Every structure is written in C-alpha cells, then in structure tokens.
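S.K.: Residue numbers (the working numbering), protein chains in the order written: chain D, 1 to 501; chain Z, 1 to 125.
A few of these clues could be false.
To be verified - Once the Cα atoms are required to be at most 27 Å apart in a straight line, the calculated DSS-like pairs of lysine-lysine come out as:
hint: 1; chain 1: Z; residue 1: Lys11; chain 2: D; residue 2: Lys204
hint: 2; chain 1: Z; residue 1: Lys11; chain 2: Z; residue 2: Lys101
hint: 3; chain 1: D; residue 1: Lys159; chain 2: D; residue 2: Lys68
hint: 4; chain 1: D; residue 1: Lys261; chain 2: D; residue 2: Lys325
hint: 5; chain 1: Z; residue 1: Lys85; chain 2: D; residue 2: Lys483
hint: 6; chain 1: Z; residue 1: Lys11; chain 2: D; residue 2: Lys207
hint: 7; chain 1: Z; residue 1: Lys80; chain 2: D; residue 2: Lys483
hint: 8; chain 1: D; residue 1: Lys360; chain 2: D; residue 2: Lys159
hint: 9; chain 1: D; residue 1: Lys68; chain 2: D; residue 2: Lys483
hint: 10; chain 1: Z; residue 1: Lys74; chain 2: Z; residue 2: Lys101
hint: 11; chain 1: D; residue 1: Lys325; chain 2: D; residue 2: Lys159
hint: 12; chain 1: D; residue 1: Lys128; chain 2: D; residue 2: Lys207
Keep in mind that the hints were calculated from the coordinates and are not lab data. For clarity, every value in this text was computed on a predicted model and none was experimentally measured.
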Amino acid sequence: MIEATLTATAKVVEPTIFDLSSPGRVGVSFPEPDVPRTELPKSMLRADLPLPELAEVDVVRHYMHLSKFNYSVDGGYYPLGSCTMKYNPKIDEDTCRLPGFLHTHPLQPIETVQGNLALMYQLQEWLKEISGFSAVTLQPAAGAHGEFTGVLIMRAYHKSRGDVKRTKMLIPDSAHGTNPASSGMIGLQIVQIPSDARGNVDLKALKEHCDDTVVGMMLTNPNTLGLFDENIEEVIKLVHDCGGLMYGDGANLNALLGIVKPGDIGFDVMHFNLHKTFAVPHGGGGPGSGPVGVAAHLADFLPEPLVGILEEGDDETPPLFGFVKPAKSIGRMKAFHGHFGGGHVRAFTYIAMHGPDGLKDISQYAVLNANYLLARLRNTYHVPFDRICMHEFVAEGQFAGSDVRALDIAKRLMDYNFHPPTNYFPLIVHEALMIEPTETENKDTLDAFADALIKIADEAKTKPELLHNAPSTTQFGRMDEVKAARDLVLCCWLPEDYGDQ
Amino acid sequence: MNTPATLKYTKSDEWFDASSGAMGLTDYAQSQLSDIVFVEILVDVGDTVETGSPIASVESVKASAEIYASAGGKVTAVNKDLSNKPETLNSDPYGAGWMVKIEGGQTSDVMDAAAYETYCAGRTH
C-alpha cells in the first residue's frame, strides 16, 4: 500500500508574458526575400500593436512553467465525478495525426476523403450497436449540444404528428444542469421530478405530471448519484403511456458498455459523450463530441447530413460513402461534420482497440473500482443513498459537530497530490463529494486515495485548521471564490489597455 | 438558524410576510447556498405572480437556484438593490434581502415558523 505523503513545492510566481517582453526581441528570423518588398497601404497599418516581444526559448519556457502549475490526468489521479476523467491512451494521439486524417478539409470532394467517411460511417454503426439505437448523428459538438439536438428532434416529432400542445419536459432533481438548460433554450417548461428515498425517480410524483402536455423526460441512468434506477422500465412506461418520449443523457454510459443498451430498454433518444466514455480528452483540453442516437421512429428527424453509403460495393469494389439527408431533418446543428479528428478518430480508435469484450471490461472495472472505494470509505464518510453503486458514488463531506465542509476536504486532498472529486453536486446531497474513479486506476492508486480521505477525516477532528487553510503545499493557496464570482472582469485584453508597452 | 415567528414559509425555502406583502429567501436557504454572488429578479412592478411561479434566480459559489413566489398577487415593488449587493441575502435575508412585495397575498401550502424549523431539521441527514 502506498502511504499518502505531502509534497512540498517551491512557491514561484510566473510573470505574465507581457512582463517578460523586451522591445526588439524576436522569435523567428526570416531570410532576405528573393522578391521585391511591397509596402502595405498606410490606411491598413495600425500605429502600435503592443504584442509581447520574446525569443522562442522564452516563450517555450514560459508556457512550460505554466503547464507545470496544472494538474492533469497524465500527472495524477482525477476522480472528478460525473466527468469520467479516464486516462486516454496515447495511441489516439497517433491515429488522429495520421496524414490522411490530419490534412483533409471538410469541403474536399467525397471521392478524395473516402477513408474519413468510412471511419465516420463505421463509428455511427458501432455507436448504434453499443446503444441499441437505429440511427446516429456525429454532428453535435459536445454533450449539451447533443441534448439540444435531441430535444429539437423530440419537439419536431410531436409537431410532425400535429401534437402541438406538448410543452413540458420532465427532469429529475438529480439531473445534470445542462438538461433543464437545453430544454429551456428551446422554450420548454421544466418540471422537476423528485427522487425517492433510494435515489430512484419518485414514481408517484412522476405519475402526477404525466399528461398530454409532456414532450418527454430527460433521464440520466445511472443517475448522478451513481445509481441505476431500479424502476427504469416503469419510468419509461409512464412517460410513453402519456405520449412522451424518453431522452437518455449518456453522460454515464461508462457504466453500461456491453451490459445495457439504452435503446433496447425503451429510450427514444440519447447523446453520447465521446469525451467521457470513449477516451476523447475534455475539461479544457477538448473539443468534446456529443453524437446523438435515436430509435427508428425518430430517425427521419436527425440533423443533416449523415454519412451514408451512396453506392453499394461488392467483393472487388468498396462502397462509395457520401452524405445523406434524413427525410424530415431538423437541419444542420454545426458547420461541417462535428469534431472529426479530435472526437471521431479518437473514439473510433478506442472502440476498435478494445472490441466488444474489452468495452464490457471497461464498464465492469469502472463499476468495481467505484464499489471498492465506496466499501473503503462508507464507514468514514456518510453515504446518503448507500447501495451497490455503478461507476461513481456520492458521499457527504461533513461530520457531526464539526465546521469542516466538503470544500475544505476537497482543498485538503490537493495537499495529498490528488485532484479533488466533484463537490456540491448533485444538489440533493448535502456537502456532496462525488467520486468517480474510472476503470483506468489500479488498486494501489485507489488505496492511496482512500487512505488520504480517511486521514483527512481524522484531521477534521484533530486539526481542522489544516483543512480550513488548505491547500498549503500547492503553488497557490486557497482561492477567493466569492471575489472571483462577484468581481467579474469579463472584457478581453484590448491593445489600448497596454498603452505604450 | 433564524426563523421569525411572524412569517410564513414554503417547502422550497421562501418566506412571506402577510403584513407587508414582502417575500424572499429564508435564512436556512442562504446558509445552505453559502456566499451568494448573483441575483436576478425575474418580475416587474405590475406583474401578477402565482404561488410557485419563479420570481428570482440566485447563484452562489456552490449552486444556482430559482426562487418561487411564496404567495400570489400583484407585484407592487421589487428590490433593485439586490443585483448590486447580492451578499445582502446572506447578511439580512428577512430585512434588506426582501425580493418582491405584492398586494393580495393569497397563500397556500405554507408553514408557520415552528413547522418550518421541524421541516428543515428533518432535511439535514
């Protein structure tokens, strides 16, 4: 077992790149031109352009220093619940940089990008197989964009049937905030459905709201408590019986690969988070990617274009891939075809590398790791909905008779060189600490993390000031979150702000 | 926890003062939200609000929350100072932190102070 130890780091504050600037320094020297110089028109020249002036090595070192302040999944354990911050295999970096993918343009004639289209087609097919849906669009840029796409499809479906009085979206109180936001952007009325004592959707409350004004329900399953809804079939039936559609938020699909197909149990629409489940980087390192899968009755409404087969192939000739438009398409959701290199190629690589059995292993290890941590921590931290969890669980970061809060525990974890778990979400748990280990961590890492949390619980009783003042070993101490939120500086840096620099 | 006996309370943590028609966010709610950093009042003078309809949106460093009308009636005043000083909701939730005043003041499904305190005590696991 690895003993959690505190790390001591020298406190050096890196100057801004403007502070490092010195007039006349340049990064690149150009050779003398072999054509005559042409003066630019005076009207198009600005009087001054206060950009920093540095040599290349100074720029590289500046950003290298800054990058060392960062905590990344390549640098340490990152149990950020609801985010699935799994380690992304480096082979993805190779495949998305293959010249055939890297140097293509979305406006090229389709005959010249058949490999790209074949990859996108196959990814659509794999996502259909994984999820149990009939059709998939790869267009949406990220999860919430996928939600927006899915809800537009739901509305278009009702409208196409002349069913225009449906204006309500049912959303559980354990939902991601993006669910009400996506529905709200479309102008739907949000109705919040409470959870019951076991963390499931409260069936009684759901029944009360199921009527002929319901567009549908947006449900994350497993939900943000990391719990699989024990009444999922009943929930879906209630929504379907009143004519509503069932939206699945695929944020937590990492628990279900090769085990449950959401399409098979009655979901009508779902978005995938390729940047969570399928090893596409996210969290500032994006871009994300949020494909949407739909059941057969919604396939005609998908955004255009989809990748399809224009001419079937045979034993000697491959098929001709191209773009097809669904009959009642809601239109384009994004310029071009989604995040191809950043999202599709990486996800394709990841799925191809693991295969069907490997994908199932991923989910089983993700669930096993979460349950191992839950078992090690439940006697130290109160877990309000304590039953077998899926890929994550939510504990309370508070102790009876102590003024230590979840935020203090999260900050103290940084002193033990761990990224804190998600805190204060979901809102239905007081002082929530939401822990998602993912499948990529070994037992030694999980034990070191559990040891640190248990030690911190002891410190909360014996030396609470260590927690209130944490972190003390990081580059910067406790940030003033209130000031950061109240005194917003929203404007960009304009050249005039730099005067004669 | 401060729970003035003269006020009525909702399950969604708003208070209502029947004598002045004022309503706002309870002390329990502000302590749960912690430092409030943003307030937007969603109704104007002259609007009619129904019990349970949204009157304001608040954000703290921990969470964002909708505030619902604790009584129904016609809006006679809104507290415009709150958007510049959201911290008032933390320091004086029942006084300077009032959000909206109404006339009419039809309430339904509200609790007295003792019932609200019992209700809140049952929510901290």
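S.K.: Next step is simple, just say for each hint if it's right about the structure.
M.R.: Here is how each hint holds up against the structure:
For the given pair, Z/Lys11 sits about 18 Å from D/Lys204 by alpha-carbon distance, which is consistent with the 27 Å threshold. With a C-alpha separation of about 19 Å, the suggested pair Z/Lys11 and Z/Lys101 falls inside the 27 Å cut-off, and the hint holds. Note on D/Lys159 and D/Lys68: the hinted pairing is violated, with a Cα-Cα distance of about 53 Å set against a maximum of 27 Å. Only pairs whose Cα atoms come within 27 Å are accepted, and D/Lys261 paired with D/Lys325 is accepted, the gap being roughly 26 Å.
Distance check on the hinted pair: Z/Lys85 and D/Lys483 sit about 13 Å apart at the alpha-carbon level, within 27 Å; holds. The hinted pair formed by Z/Lys11 and D/Lys207 meets the criterion: a straight-line CA distance of about 21 Å does not exceed 27 Å. Under the criterion of a C-alpha separation no larger than 27 Å, the hint pairing Z/Lys80 with D/Lys483 is consistent with the structure, at around 21 Å. Taking the CA atoms of D/Lys360 and D/Lys159, the gap is about 38 Å. The hint is violated against a cut of 27 Å.
This hinted pair checks out: D/Lys68 and D/Lys483 have alpha carbons roughly 25 Å apart, not beyond 27 Å. A hinted pair counts as satisfied when its Cα atoms are at most 27 Å apart, and Z/Lys74 with Z/Lys101 qualifies at roughly 8 Å. The straight-line distance between the Cα atoms of D/Lys325 and D/Lys159 is roughly 19 Å, inside the 27 Å bound, and the hint therefore holds. Restraint check: the Cα-Cα separation between D/Lys128 and D/Lys207 comes to about 31 Å, which exceeds 27 Å; the hinted pair is violated.
Figure legend: structure checked against the earlier numbered hints; hints not met, in rising order: 3, 8 and 12.
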